[in-house]
Amino acid sequence: MEELNFEESLEKLEEIVNKLETGDVPLDDAIDEFTKAMDLVKICNTKLNNAEEAIAKIVKDNGELENFNPNE
Amino acid sequence: MDDEYLTVSQVNAYINRMLKYDRNLQNIYIRGEISNYKTYPSGHSYFTLKDDKSQIPAVMFKGRKHSLKFQPEDGMKVIIKGKIEVYERDGKYQLYATTITEDGIGELHIAFEQLKKKLDSEGLFDDAHKKEIPKYPQRIGVVTARTGAAIRDIITTIKRRYPYCEVLVFSTLVQGEMAANQIVRQIRHAQQFDIDTLIVGRGGGSIEDLWPFNEEIVAREIYACRIPVISAVGHEIDWTISDFVADIRAATPTAAAEIAVPEISEVKYKLNQLTQRTNKAINEKLIQNKQKIENISQKQIFKNPESIYEIKQMHLDNLIGKLNLTSKNIITENRNRLLKIESRSVLRNPNEVTKAKRDIFIRNVDKLTILDPLLTLKRGYSIAKMDDKVVSSAKDVKTGDELDIEFDDGTVNTKVI
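Heads up: the protein sequence lines correspond to chains A and B, in order. Going by my numbering, the residue at position 21 of the first sequence is 21; the numbering climbs one at a time, nothing skipped. Going by my numbering, the residue at position 395 of the second sequence is 395; the numbering climbs one at a time, nothing skipped.
Be aware that a few hints might be false.
[Stated by the list, open to error] Only part of the chain B face toward chain A is listed, based on derived beta-carbon distances under 7 angstroms:
#: 1; residue: 164
#: 2; residue: 168
#: 3; residue: 365
#: 4; residue: 384
Read the hints as simulated data drawn from the structure, not as lab findings. C-beta atoms are modelled at their ideal positions from N, C-alpha and C, and glycine is treated no differently.
Let's have the full structure, built from the sequences with the hints guiding it.
What follows is the structure, encoded as C-alpha cells:
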C-alpha cells in the first residue's frame with residue numbers, strides 16, 4: 001500500500017468500512033477490503049502510538065527554527 | 001375634480017416614500033455635535049445634531065440604545081449611523097439614529113464598514129473561496145506576537161488536545177503602525193513551510209489595538225494565502241475584516257486551536273470504532289455466506305443424492321415400457337389385418353371368381369346375338385335406305401324417290417310410285 005498520512009489512512013479506512021457495511025460486496029472482495037482495512041488500522045495505530053510529542057518552535061526571519069516556550 | 005387636490009397626509013406620506021426609496025438616506029453616516037439631548041419616560045431620546053451652519057432633529061429609540069457604549073451628552077462630537085425619514089405627523093424630516101459613536105473612533109468604524117463593503121463586493125468573503133481546515137494536521141503555523149496570552153493559549157490548547165502536532169510560531173507585532181506590514185510578511189513567510197493550517201490573530205484589546213487586522217493589506221494577504229487560515233482576533237464580540245476573509249473565524253485564540261486540531265482521545269475512539277465496525281462487517285459477511293452454504297446443503301438433493309438418478313431411472317423405465325407396448329401393438333395389429341385378408345373367400349376359392357366371370361360373358365354374348373341386325377334380316381325383315389340413310393317413316397318418302405332395300409343376301413334399287 002502506498003504511503004498515506006494519518007488523515008488519508010483514516011479516511012480510506014472509513015471509506016472501506018462504509019463499503020463493507022453496505023453488505024453488497026462479494027465475499028472475495030470483502031476479504032480483500034478487510035485485509036486492507038486491518039493494514040490501515042495498523043498504520044493509524046502505529047502513527048498514533050509512535051508519534052512523539054512535538055515541541056513548539058519559533059521561526060526566525062532567516063528561516064531557522066528554535067525551540068519555543070511561551071511561558072518563558 | 002376632487003382628485004386634483006391632495007391631502008396634507010398624502011403629501012407627507014409621498015415625501016416620506018421618496019426618502020425611503022433613497023438608499024443614501026436609508027444608510028447614512030453623519031458627523032456632528034449633540035445638543036438638546038433629552039430622554040423621555042418612554043425611553044426614547046430626542047436631540048439635535050448640528051454643525052456650525054446647520055442642524056437636523058434626531059431621535060434614538062429605546063430599542064437601539066443597547067449599542068451605545070457611552071452616555072450621549074450635549075456638546076459631544078459624534079458619528080451617527082442611521083436613516084432620514086419624514087415624521088409625517090409634524091411634516092418634518094429627521095434623523096433616526098441606529099448607532100452613535102464618539103468621533104475619532106467613529107472614523108475607524110467608517111473605514112471598517114467601507115473596507116468591508118469593498119472587499120465583500122469583490123467576493124473576498126465568498127464561501128466558495130473558503131478552504132477546508134485539515135482534520136488531522138501535523139504542523140500548525142501561528143502568526144502572532146511571541147509574547148502574550150494568545151500564543152500561550154494556542155500552544156497549551158494544541159498540546160493538550162493533540163500533542164503530536166508541531167507548532168511553528170511566526171512572531172509579529174500585532175498592534176501599532178508597523179503591525180500590518182509585519183503580519184503580511186509573516187503570512188508569506190509561513191507559506192514557505194510545510195504547514196497544514198495557519199492561525200492568524202492576537203488577544204483582546206481596544207478597537208485601535210485590533211486595527212491591524214482591519215487593514216486591507218492584511219485582508220488581501222489572508223485571502224491569497226494557500227494554507228487554510230483560521231483568524232483569531234480578540235474576544236467573542238470583536239469582529240475584524242480578517243475574520244470575514246479567513247477560511248474560518250475563531251472567537252478567541254483558544255477556540256482557534258480547538259478548531260485547528262482534533263482531541264486525541266476522540267481520534268483514538270474513532271479509530272477504535274472504525275476497527276470494530278470493520279470486524280463486525282466482515283463477520284456478518286462471513287456468517288451470511290456460511291448461512292447460504294448451510295441453506296444449500298440442507299436441500300433434499302444433497303441429503304439424498306440418489307434421488308437425482310432415481311427419477312431419471314423411473315423415467316427411463318417408463319419409456320421402455322411404452323416402447324414394448326407399442327411394438328407389440330404394431331405386430332398384433334398387422335397380424336390381425338393379415339388374418340382378415342387371408343380369410344376373404346376369393347382367396348380361399350378362386351374358381352368361384354372365374355365361374356362368375358364366365359356367366360357374365362355368356363349373358364353378354366346372348367344380348368349381342370339378339371341385337372344383331374343381320375339376324376333380323378334373316379328372319380324376313382329388310383331395311384329401306386335413301387342416300388345411305390335408313391328410312392324409318394313413310395312420311396320421309398314421296399313419289400319418285402329412289403330407295404335401296406337391303407335384304408339378307410343383297411340390295412335392290414326401287415322407285416316409289
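Minimum beta-carbon distance criterion (7 angstroms), residue 365 of chain B to chain A: 104 angstroms, violated
Evaluation of the interface hint that places residue 164 of chain B against chain A, nearest CB under 7 angstroms: 4 angstroms, holds
Hint validity - residue 168 of chain B Cβ closer than 7 angstroms to any chain A Cβ: With Cβ-Cβ at 5 angstroms, under 7 angstroms, it holds.
Given hint residue 384 of chain B near chain A, where the shortest CB pair must fall under 7 angstroms: This hint is violated: residue 384 of chain B lies away from chain A, its Cβ roughly 121 angstroms from the closest one there, beyond 7 angstroms.
In summary, the numbered hints that this structure violates are 3 and 4.
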